[in-house]
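S.K.: Below, each chain spelled out in residue letters.
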Amino acid sequence: METQKVLLSVKDLHVNFRVRGRELSAIRGISLDFYAGECVAIVGESGSGKSVFTKTFSGMLEKNGYISGGSITFYADGPVELSSLHRNRQWEQLRGGQIATVFQDPMSSLNPVLTIGKQITSVIRKHRRCSPQQAKALALQMMEKVGIPQPEKRFDDYPFQYSGGMRQRIVIAIALACHPKILICDEPTTALDVTIQAQILKLLKDLQKELGFTIIFITHDLGVVANIADRVAVLYAGQMVELGTAEDIFYDPRHPYTWALLQSLPQLAQPGSRLYSIPGTPPSLYSQLQGDPFAPRNPYCLKIDTMQQPPMFQVTDTHFAKTWLLDPRAPKIEKPEALRDLHKRLGEEFGSYG
Amino acid sequence: MDNREILLSLKNVEITFGKGAQAVRAVKDASFHIYKGETFSLVGESGSGKTTIGRAIIRANTCSAGEILYKGVPISGKISARLERQVIRNIQMVFQDPASSLNERATVDYIISEGLYNFHLFENERDRQQKVEEMIRHVGLLPEHLSRYPHEFSGGQRQRIGLARAMIMRPELVIADEPISALDVSVRAQVLNLMKDFQQEQGLTYLFVAHDLSVVRFISDRIGVIYKGDIVEIAPAEELFRFPLHPYTKSLISAIPIPDPRLEKNKVLLTYDPAQHDYSKEAPALTDIGYDHLVFGSREEIARYREVRTQQK
Numbered sequence: 001m002e003t004q005k006v007l008l009s010v011k012d013l014h015v016n017f018r019v020r021g022r023e024l025s026a027i028r029g030i031s032l033d034f035y036a037g038e039c040v041a042i043v044g045e046s047g048s049g050k051s052v053f054t055k056t057f058s059g060m061l062e063k064n065g066y067i068s069g070g071s072i073t074f075y076a077d078g079p080v081e082l083s084s085l086h087r088n089r090q091w092e093q094l095r096g097g098q099i100a101t102v103f104q105d106p107m108s109s110l111n112p113v114l115t116i117g118k119q120i121t122s123v124i125r126k127h128r129r130c131s132p133q134q135a136k137a138l139a140l141q142m143m144e145k146v147g148i149p150q151p152e153k154r155f156d157d158y159p160f161q162y163s164g165g166m167r168q169r170i171v172i173a174i175a176l177a178c179h180p181k182i183l184i185c186d187e188p189t190t191a192l193d194v195t196i197q198a199q200i201l202k203l204l205k206d207l208q209k210e211l212g213f214t215i216i217f218i219t220h221d222l223g224v225v226a227n228i229a230d231r232v233a234v235l236y237a238g239q240m241v242e243l244g245t246a247e248d249i250f251y252d253p254r255h256p257y258t259w260a261l262l263q264s265l266p267q268l269a270q271p272g273s274r275l276y277s278i279p280g281t282p283p284s285l286y287s288q289l290q291g292d293p294f295a296p297r298n299p300y301c302l303k304i305d306t307m308q309q310p311p312m313f314q315v316t317d318t319h320f321a322k323t324w325l326l327d328p329r330a331p332k333i334e335k336p337e338a339l340r341d342l343h344k345r346l347g348e349e350f351g352s353y354g
Numbered sequence: 355m356d357n358r359e360i361l362l363s364l365k366n367v368e369i370t371f372g373k374g375a376q377a378v379r380a381v382k383d384a385s386f387h388i389y390k391g392e393t394f395s396l397v398g399e400s401g402s403g404k405t406t407i408g409r410a411i412i413r414a415n416t417c418s419a420g421e422i423l424y425k426g427v428p429i430s431g432k433i434s435a436r437l438e439r440q441v442i443r444n445i446q447m448v449f450q451d452p453a454s455s456l457n458e459r460a461t462v463d464y465i466i467s468e469g470l471y472n473f474h475l476f477e478n479e480r481d482r483q484q485k486v487e488e489m490i491r492h493v494g495l496l497p498e499h500l501s502r503y504p505h506e507f508s509g510g511q512r513q514r515i516g517l518a519r520a521m522i523m524r525p526e527l528v529i530a531d532e533p534i535s536a537l538d539v540s541v542r543a544q545v546l547n548l549m550k551d552f553q554q555e556q557g558l559t560y561l562f563v564a565h566d567l568s569v570v571r572f573i574s575d576r577i578g579v580i581y582k583g584d585i586v587e588i589a590p591a592e593e594l595f596r597f598p599l600h601p602y603t604k605s606l607i608s609a610i611p612i613p614d615p616r617l618e619k620n621k622v623l624l625t626y627d628p629a630q631h632d633y634s635k636e637a638p639a640l641t642d643i644g645y646d647h648l649v650f651g652s653r654e655e656i657a658r659y660r661e662v663r664t665q666q667k
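Chains A and B, in that order, are what the protein sequence lines are. Going by my numbering, the final residue of the first sequence carries number 354, and the count climbs one at a time with no gaps. Going by my numbering, the final residue of the second sequence carries number 667, and the count climbs one at a time with no gaps.
In case anyone wonders, no lab produced these hints; they're calculated from the structure. Where is the CB? At the ideal position from N, CA and C, for every residue including glycine. There could be a bad hint or two in this list.
[Said to hold, decoys possible] Mimicking EDC-like on lysine to aspartate or glutamate, the simulated pairs with C-alpha atoms at most 20 Å apart in a straight line are: (1) Lys619(B) / Asp33(A); (2) Lys619(B) / Glu38(A); (3) Lys55(A) / Glu187(A).
[Claimed, not checked] Derived CB-CB ranges, DEER-like: (4) Pro336(A) / Gly374(B): 35 to 43 Å; (5) Ser418(B) / Glu23(A): 35 to 43 Å; (6) His387(B) / Tyr66(A): 55 to 63 Å; (7) Thr318(A) / Glu359(B): 38 to 46 Å; (8) Ile333(A) / Pro497(B): 37 to 45 Å; (9) Gly69(A) / Asn472(B): 34 to 42 Å; (10) Thr115(A) / Val662(B): 42 to 50 Å; (11) Arg596(B) / Pro336(A): 43 to 51 Å; (12) Ser273(A) / Tyr471(B): 36 to 44 Å; (13) Thr115(A) / Ser535(B): 26 to 34 Å; (14) Leu114(A) / Asn366(B): 55 to 63 Å.
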């Protein structure tokens, strides 16, 4: 693991938005390295900043948003500083070619009045020097790769002639048409049925094995995270509160917010009982942070949480968490009962399908 | 077991859209019943006909064959205006998308009271205000929210308004069509808990339409699985999860993500191929195999399912 190549390095990133004369800080100092060929899941509630964070990698922040501090370095051929790219021209060479995105809703990310074939070839023609025939051949090859049966027949069809799952496959084909180094998936399966979701996740993993790109996967479903992620970053109020391998996060979570997220999974609830819900709402992002932003909703809140922000504590080589509970002076608090022996309990319940 | 009171039953319901060669049979020969006070869930992928059934019960879709009985009285097809009013009042619906199911141009106060106005369910203006305020508090919002418009609320809050609008009618049956699939994990739990509270207080019956099996297992008493217009399996929730018999149900359950990386990364995904059934000789039927468990299949398949089930403990 140690010799892995850093592909994208984010250092102390801050993103602000100007909203009606007020400043909203959406990302408040995130540092995170992405390695070549891995899959990192970014989890959090809506408004935690997970989409904004990844939009900075492809220059797709809304007009009123800007990077107010920190750096994002992309190591493709030589290092490129993404936070200082301003003109669209510079972005266009990267976006779609080196860094591609798959969005949540496949209906609104495809153009309804262009054929599927046209939409795939136009990306290829934009980033590669090739003839229309070559582009078509590449597009057909890509369609086959993502599991479209009889691609020649479906090449001239329009998006509405495809089902939801097939449309998402096309979006993935377009994103991967130029063999990008990074594929950002922004909740790509949230709008799909569970059976289709499972197929799309499998497809992404198979393609990753074949093509070797890095996946940055945004989701709020921790079940999906368990399926696809090598590492997991938990975001809360624009900060990264916990980072670790998938096993760290599921079997040894340290941050109370991660505990809360895991506990609200219906798969872990006892039938007939109440479902765990996180009390309160996330803090307003207009205000300055005082102490730990999760403190008002945290049942394990310490006095210092309301006064001073916790630093990032290191648990193991791969595992970090931003909570005062890890301070040597903090009282010893065990994770909630519902999360103990997770593997054993789920093994008994779901093992027969595994 | 069988002294349970049946609130709603569907008998061989078929729902067809379009005419002639273009006709689509969205629901084929659906029969099931819902007991009073239980939560019955219909699960299936998009296009399976689960929403169509829900809409047929509130008379928004017409049945092309079969009938729907509510407390033993037919409520499908032509019925008297008086009965229809009763159905409208007693069966309420909560929709999937809280953004498009509320009138954008009406205040929350009006949205919640509309049913009260239509049925004159209040004595005077003060009584109405009191009822609405009580309800809005019940769903976790404040009376000062009443003068606002739907766009001023978040998705979770809007779903609460949708719930308040249905519950103020004191319905007996609530059809909830994917009420939580548009919501965030933590908000999802709040709305589900709220629905459960209402059920305990008022003895409500729910028909829950969903595609997310992990949530369905948690909230349902019984579950019906529907595939392309056919109900393929009906069983109590735990029974269905522990002993799924129909191959489609098995594939659905295998697709639920398990929040455990070691299990989830190694699990085998089952895919369902309808071609595995041979129904050329004999039409399949939904058959009771004991344990309150019904499976759709030919006589041969049913015999096999029955054998498999009795061997499992």
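S.K.: It remains to establish, for every hint, whether it holds in the given structure.
M.R.: Checked hints:
| no. | hint | verdict |
| --- | --- | --- |
| 1 | Lys619(B) / Asp33(A) | violated, 24 Å |
| 2 | Lys619(B) / Glu38(A) | holds, 15 Å |
| 3 | Lys55(A) / Glu187(A) | holds, 13 Å |
| 4 | Pro336(A) / Gly374(B): 35 to 43 Å | violated, 60 Å |
| 5 | Ser418(B) / Glu23(A): 35 to 43 Å | violated, 59 Å |
| 6 | His387(B) / Tyr66(A): 55 to 63 Å | holds, 59 Å |
| 7 | Thr318(A) / Glu359(B): 38 to 46 Å | violated, 57 Å |
| 8 | Ile333(A) / Pro497(B): 37 to 45 Å | holds, 39 Å |
| 9 | Gly69(A) / Asn472(B): 34 to 42 Å | violated, 56 Å |
| 10 | Thr115(A) / Val662(B): 42 to 50 Å | holds, 48 Å |
| 11 | Arg596(B) / Pro336(A): 43 to 51 Å | violated, 26 Å |
| 12 | Ser273(A) / Tyr471(B): 36 to 44 Å | holds, 38 Å |
| 13 | Thr115(A) / Ser535(B): 26 to 34 Å | holds, 31 Å |
| 14 | Leu114(A) / Asn366(B): 55 to 63 Å | violated, 45 Å |
Comparing the model with each earlier hint shows violations of hints 1, 4, 5, 7, 9, 11 and 14; every other hint is respected.
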